[in-house]
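> Keeping their order, the protein sequence lines are chains C and G. Per the UniProt record's numbering, the first sequence starts with residue 1, numbered consecutively. Per the UniProt record's numbering, the second sequence starts with residue 1, numbered consecutively.
Check the hints yourself; a few may be wrong.
Identical chains blur together in the list; that is why a pair holds if it fits in one copy or across any two.
[What the hints assert, rightly or not] The list that follows gives simulated cross-link-like pairs (lysine to aspartate or glutamate, EDC-like), each with its CA atoms no further than 20 angstroms apart:
#1 K62 to E165
#2 K156 to E105
#3 K62 to D189
#4 K62 to E183
#5 K62 to E164
#6 K62 to E7
#7 K148 to D137
Hints in this document: simulated from the structure, not taken from any laboratory.
Number of protein chains: 2
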Amino acid sequence: MPRPRLEFWYEFASTYSYLSAMRIEALAEAAGVAVRWRPFLIGPVFAAQGWTSSPFNLFPAKGRNMWRDVERQAAAYGLPPLTQPDPFPQNSLSATRVAILGADEPWLVPFTKAVFSASFAQGRSIAEPSAVAAILDGLDLDGPQLLKAASAEANKTRLRVAGEEARSRGLYGAPSFLTDDGELFWGNDRLEQALSWAAGDRPGSLR
Amino acid sequence: MPRPRLEFWYEFASTYSYLSAMRIEALAEAAGVAVRWRPFLIGPVFAAQGWTSSPFNLFPAKGRNMWRDVERQAAAYGLPPLTQPDPFPQNSLSATRVAILGADEPWLVPFTKAVFSASFAQGRSIAEPSAVAAILDGLDLDGPQLLKAASAEANKTRLRVAGEEARSRGLYGAPSFLTDDGELFWGNDRLEQALSWAAGDRPGSLR
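Please model the complete structure; the sequences and the hints are all you need to start from.
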């Protein structure tokens with residue numbers, strides 16, 4: 001029997017996507033669930049609902065508490081002390097194009113985690129193509145070549161199509177988790193429940 | 001030594017406040033924490049950031065998934081099947097005025113839970129003063145008399161002052177939890193962590 005599956009939709013500029021990216025492998029292994037990593041850009045989704053920046057910038061009280069909350073969560077999970085990207089949110093276009101290019105490659109997960117760690121644990125920029133190339137080089141990949149391939153029209157189209165898929169499947173934030181039967185879970189706080197659902201464990205008598 | 005304390009700020013129209021209200025007593029007892037129940041209106045807080053309704057109405061994808069999420073959470077907590085108030089959000093002014101009037105009364109907690117249950121488990125309106133009076137009567141209290149006292153200018157002022165306190169202490173949503181040392185936790189998902197913090201248990205090495 002094939003393993004149950006869960007899609008993990010993430011945005012490189014998103015603090016809570018970072019928390020999920022660093023946790024999902026061990027939790028999925030324990031739950032017996034195969035994860036499909038789905039990079040996408042949340043910016044167009046926000047723009048479609050009239051937001052010109054991160055809600056954490058648009059609503060300052062919410063933003064202040066988000067940073068404190070992520071700091072607490074990182075400590076609770078045993079992650080390194082949080083570093084706050086400057087500016088926030090980071091422009092994630094280059095990194096996301098590369099991740100889309102690597103959607104079916106074995107380096108997608110290590111690349112994804114390296115980008116998140118650079119941004120939220122090492123205090124490094126991930127915005128410039130050169131920063132993304134350096135992360136790829138650090139994984140013994142060919143940074144310049146992959147960046148060039150990621151900029152090809154066909155790959156840009158794949159990224160746009162992923163964004164359309166996100167909206168059409170009801171995503172409105174990152175991270176989000178989607179099961180094969182279309183159940184949508186939003187936010188790092190729902191990672192465990194999403195994995196349980198994918199594995200066939202419904203809360204109460206829900207279907 | 002006095003018990004550690006936690007303030008629970010809640011809004012009667014808020015789905016996640018409902019989930020916390022039904023859970024906090026048992027969890028606080030287990031954690032050895034005394035809870036101060038703080039009713040307030042979130043509407044003015046939302047209005048101050050430019051929202052004219054609930055974000056769950058303003059952003060339809062978010063709203064759709066919220067209802068499903070609360071349904072899942074209610075099932076996971078063993079609460080009754082969720083009923084969706086119509087309209088949503090319910091006008092909570094009358095109920096909140098009564099709760100403010102009862103801030104130091106032994107009936108505050110049973111009244112609060114009865115209002116939430118009426119709205120989210122029994123599918124009843126809580127908007128009209130007569131609905132609030134019926135809930136009070138059901139608790140063997142004098143509904144008409146309490147509603148009249150709740151409408152007095154001094155009590156309306158107390159409600160406004162509570163709203164000012166909420167904003168000045170950084171609240172931007174409901175439910176929220178505040179510790180004596182000023183640590184703010186937002187959302188039903190943080191109830192357990194807020195109680196742990198109040199009891200002196202910090203995640204990792206945080207202060």
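> Next step is simple, just say for each hint if it's right about the structure.
Hint check:
no., hint, result
1, K62 to E165, "between (28 angstroms within a copy, 16 angstroms between copies)"
2, K156 to E105, "within (17 angstroms within a copy, 62 angstroms between copies)"
3, K62 to D189, "both (17 angstroms within a copy, 16 angstroms between copies)"
4, K62 to E183, "between (27 angstroms within a copy, 14 angstroms between copies)"
5, K62 to E164, "between (28 angstroms within a copy, 16 angstroms between copies)"
6, K62 to E7, "between (28 angstroms within a copy, 18 angstroms between copies)"
7, K148 to D137, "within (14 angstroms within a copy, 72 angstroms between copies)"
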